[in-house]
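Engineer: So you can see what is in the structure, the chains are spelled out below.
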Amino acid sequence: MPALFSLQSYLLLSAMLFVIGLIIVLTKNNAIQIIMGIELIFNAAAINFVAFSCFRPHLLDTLQMSGQVIAIFVIVVAAADACAALAIILSLFRVFKTTRIQNINRLKG
Amino acid sequence: MTFLLFFPMLVGVVLLMVPKHVHNTIYKISLGATVAHFVILCLTLVQIDFSFDQWHYVVKVPWIEPLHIYYALGIDGLSALMCLLTSITMVLAIALSYKIKKKSKAYFILMLFLQTGIYGVFLSIDLFLFYIFWEMALIPLYFLIGIWGGVRREYAAIKFFIYTMIGSVFLLLSLVLLYLLNPTDSGILLTDLHVHQQWIRNFSELIWGIPVSTMIFLGLFIAFAIKIPIFPFHTWLPDAHVQAPTPVSVVLAGILLKLGMYGMLRFTLGFVPGEVVMFAPVIFILGVINLIYGAFCAMYQKNMKKLIAYSSISHMGYCIIGFSALTFLGLEGSIMQMLSHGLIAALLFIIAGAIYERTYTLTMSDLGGFASQLPRLTFVAVFAVFAAIGLPGLFGFVSEFMVLVGAFMGSLYPSSLFGASDTFFQLGTSVAMFTVLITAVYMLWMLQRTFFGALAEKWTSLEDISTFDLGWIVLLMALIFVFGIQPSYLLELTHLNVTDWLDFVGEIQ
Amino acid sequence: MYLFYIIILPLITAVLLRWHVFDNKKSAGVIACCSVLGSFVVVLLHTRYLFMAGDSGAMYFEKLWEWKILPDVTMPFGLRLDAISYVMCLLVTFVGFLIHVYSLGYMKLKEYSRYFSYLNLFVAMMLLLVLSDQLLFMFIGWEGVGLSSFLLIGFYHQSHKNMNAAKKAFIVNRIGDLGLLLAMILLLAIYFLESGQFSLSVLTLETKASLLQAPGIGDFTLIGIVGVLLFFGVCGKSAQMPLYMWLPDAMAGPTPVSALMHAASMVTAGIYLMSRMHFIFDGSVFVSHLVMWVGVITALFGSTVAIFQRDIKKILAFSTISQLGYMTLACGIGAYGVALFHVLTHGVFKALLFLSAGDVIKACKGNQDIYLMGNLRHKLPRTHVMFWMGALSLVGIFPLAGYFSKDLILFHLFTNHFGVYLLALLGVFFTSCYIFRLLYLVFYGNRQADTNQEYRTPITMLFPMVILSILLLMLGWLWVPSFLHLPEVLPEFFATVLPVELGHHLVFKELIVGLISTVFAATGFFLARKFFLYGPKADFWIAKRYPRFYRLLSHQYYLDELYYKAFVFENHDDRDPNEDNAFTNSVLHVVAVFKGLIDRYFIDGLVHWFAWIPMFLGSVYAKIQNGQIQSYLRWITMGSLISLLYWFLWISKAGQ
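Residue numbers (our numbering), protein chains in the order written: chain A, 646 to 754; chain B, 147 to 655; chain C, 3 to 658.
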């Protein structure tokens, strides 16, 4: 593409962010860090939506800015999700006295 | 007929409401119900003339329309005999269950449900209904063995349940095959056997290269073979019988094994007689192995109940060889052996149970010399042992003799796996006869070891069997004796069935 | 009149007694005696029927019931009174009655009902055996006497030795019964398939015997096969050569039991069967010869082994085996009537010998070892006389009963099978040896036996013995050698049913035979007298001079030990004080252990292996469930990536 920042680069950015976020979720041992990873994934998805809304307006019939609206939804949902996740981690911490995910394996078997 | 079938279950449901602590009332209610059921059964049977039509009191109600499944019940000679055996054995089992004290309510309810299940198996004419009741009979047994049993009861219960379940899976396969391929509009009913034989035989498609009839036969055969039990599939029996409490052992040995044989006779001969003829020599050889192998294994046992369990395996071998010979005496003898073994094995297990209650051990080297301490029990034991050996004049001999003569007179048809042969059965029967001798050896050995010889110190305070127990046992002994002298009434009930089966076999040739 | 009552009377008494309805000694015994006497009377009352039966031979038939095998096939069960069964009935009931009376005096028990109940059961079963019309019905009696034998030999059940003997008796009988059972099956099958009749009644079998002329296996005709099988059954019951070993051990039972069963009645059932089925044995030369040779070998075996035994009852047991051999021999040469006559006389004199032996045993306080006895003729004079009579009858001295029956056998042999005759004669010599050895060692000599000083033979024991001795004097005249021109009662009677030769009128031959046998008997007598008059020293002398010979004979040619090693099944009997070897490597034992182990480890092992599979698979799959969220997520990611990949490929393929 001749333009400097085309759709593909945004998609690439969002994909990279997604993958980074996934790797964080899959490999980090600290619960808080996993939540950060989840946030990254959310935000990657948001970037994706905005990029599409920006570069392919004809894809969206009704509203020109659907992608951006969805991005706001994503931010809200991410916030709610972060609250819930943090609440769970707080309770886990109270029981297990640790945030290391590896040690929380009571559901084994 | 429906009432007859569900009456025990209804009583069981009623018992659910009764509070748990009144053991005696529960016991009396169940016993009363079972005896009443027996009486009603006798009254019903007496009114039937079995030489006239084959099926009586038929109930046929459409149930699941798309698959042509009916709720169909009916009684004919063979079913009547088996129901009679069931009710007699059940009466005995429940009568002698007064010693079960823990969770007695659950116990009796389970026994009553079991009763319904078994009756259902014998009374149902529709194949699907048969399968339902077949499974229904298993579940109470699992609990009965698993909760009130001996030391290794959980192992025995699980083994029994799953092993028989595997057999049922094969039965289900055959059943599904039959129902799906059924070109007619009527259900798969025992009253329409000719129709079914026709279309099964004429079904031309092969499944994986094997004709449909053979698949059906294999499924049915494996299912019933596990139940009877036939040689390689018999190992659930020693564990189940040994670990079960006495009344449950009585029911197991008396009736459950016969479920398998009943199914074998009815369904394999009814649906796929051609395959039966084809596989007859194999079945015969397996039966002979049952006889001799079972007898030798019994000789090896140190535990009394295990010995009796192996002797059950051995005696069912007679049923199998009678069945495979496909002669009238063989088939009749097979049915008679079902009945006689039911009664005699019940008696043997009652004796074993009586000893276990007093001594809490069944290892024969610990026992000995009870004849001086427990004379009445010894008398019963001597009677039972000689009945099991096949003393002429008692029921066991009648059936064994009929089976042996029938097996001897058999001949292989050309379509069998080994080709036509006249000497196969004769040689086989001569070999099978050695069982008579070996049975005498191990039975007498058991008798001597347990009841004769010097009485050990620790057993000098045992009590003899009570008159109440003795009363029931004497009834059983009287039956064994009377039918040994004059089995005609029982034989008459089987005439129509046997002639039908022989006709089926004849039609194929 | 009903034949049925003959059997049912002792049977019902047996049942009542077993339920201890009468427990007082006197009542139990008296009731039992009366019932047997009642049977005897009923038999006598049927006598007139025998002579008015007409053409079918002296016969009276009574049908009891029938089995309905198929709507048109029935099997009748009935009783039949003819010459043979009549004579046997008389023997069984009369001798049975005498022995019941004897038991009243002999047995000292805590309770008598059980004993008399079993004795009555035995009589009932034996009568059933003898009176029944068809083989299957007879088989009930056949095994029934086996059952009573088991119960009575094992009467003193506290001792494993007795129980082992009882078990042995029943099992050896069973081995013979296998042959009999197979013969019955074969007969039923053949008769049914050929003629449509489902019956084993003697009449049917006899009239259609020609069916059996067909060839069976190889060169043997069917009749031959059936004959061999039947004879095998006879060997088991009548203690012939391969299956004799239960009889000496059966002496563990009370003496009256030995007298009744193992001398007079049960063991003669085999001879009875052979006479009944004579048409089968006549039909095949091979079988007849087999029977004859087995008979003669048994006769010699029994008599030689008896010479060096120490136990009174064992000597008499081997004597029974030997005499049964003679009876079998007679059947083998076709002289069935003679065999039955010998059954009759043997029943009487052997019972007498046993009863006298019982008296001796009681006098010696339960001791049965003849080495410890002696000089009893002063203590038991009457028994002494009766023992003499029994002994003389056994060896066959005129005019006692044994002479006539044995002489007839020898005569038939002399005329037809001379070689066997010589062997039989040798048997007479040995018989004489052992019985007079017994007589002299027990009643003579100058050693003093350890006796019960106040012992007097009770009248209940004396009475039967006296009656039997009187019978001995009278019985012989029922079948006299024809040169005496006296009425031949018995042979004419038997001729109605059996092929009996009447009236030889060969004076010279008969006299010679009689003389020769007497000479042989006398030789034995004098030999025994010479050696044993003063005690058993001769035994020890022979043992020292010819040790192997002595040991061979006294250990019954080691046959019993052979059987024990080969077939006896011992299983964990390590607590039994009478059995020293807790583990016997016999054939049966090995097979049983092998099979038991196969079952437990191999077949059950297969089942366990089969059950192990799901458990194993389950445990493998369970490892995925390790409680680690991240590993779950990793699996999820992997899975979704793969499916996405697959979907893309599929889409791309579909696009092309």
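Don't take each hint at face value.
List of simulated lysine-lysine pairs, BS3-like, C-alpha gap at most 30 Å [said to hold, decoys possible]:
1. B:Lys-604 with C:Lys-655
2. A:Lys-742 with C:Lys-625
3. C:Lys-546 with A:Lys-673
4. B:Lys-251 with B:Lys-604
5. C:Lys-625 with C:Lys-316
6. C:Lys-597 with B:Lys-448
7. B:Lys-251 with B:Lys-448
8. B:Lys-174 with B:Lys-248
9. C:Lys-381 with C:Lys-28
10. C:Lys-597 with C:Lys-381
11. B:Lys-448 with C:Lys-28
12. C:Lys-316 with C:Lys-546
13. C:Lys-110 with B:Lys-604
14. C:Lys-316 with C:Lys-597
15. B:Lys-174 with B:Lys-245
16. B:Lys-247 with B:Lys-604
17. C:Lys-112 with B:Lys-604
18. C:Lys-381 with C:Lys-532
19. B:Lys-251 with B:Lys-174
20. C:Lys-532 with C:Lys-367
21. C:Lys-112 with C:Lys-28
A few chain B positions that, by computed beta-carbon distances, are all more than 12 Å from chain C [to be verified]:
22. Val-204
23. His-214
24. Ile-312
25. Leu-323
26. Phe-379
27. Tyr-506
28. Leu-537
29. Ser-634
Pairwise CB distance ranges (calculated) [unchecked claim]:
30. B:Glu-503 with C:Phe-612: 27 to 37 Å
31. C:Ala-624 with B:Asn-449: 54 to 64 Å
32. C:Gln-632 with B:Tyr-502: 50 to 60 Å
33. B:Lys-245 with C:Val-595: 30 to 40 Å
34. B:Ile-304 with C:Lys-112: 46 to 56 Å
35. C:Trp-21 with B:Glu-503: 17 to 27 Å
36. A:Asn-674 with C:His-610: 23 to 33 Å
Think of the hints as simulated: they come from the structure by calculation, not from any bench. All values reported here derive from a predicted model rather than from experimental measurement. Where a beta carbon is used, it is the ideal one built from N, C-alpha and C, also for glycine.
Engineer: Which of the stated hints cannot be reconciled with the structure, identified by number in ascending sequence?
Structural biologist: 1, 3, 4, 5, 7, 10, 11, 14, 24, 26, 28, 29, 31, 36
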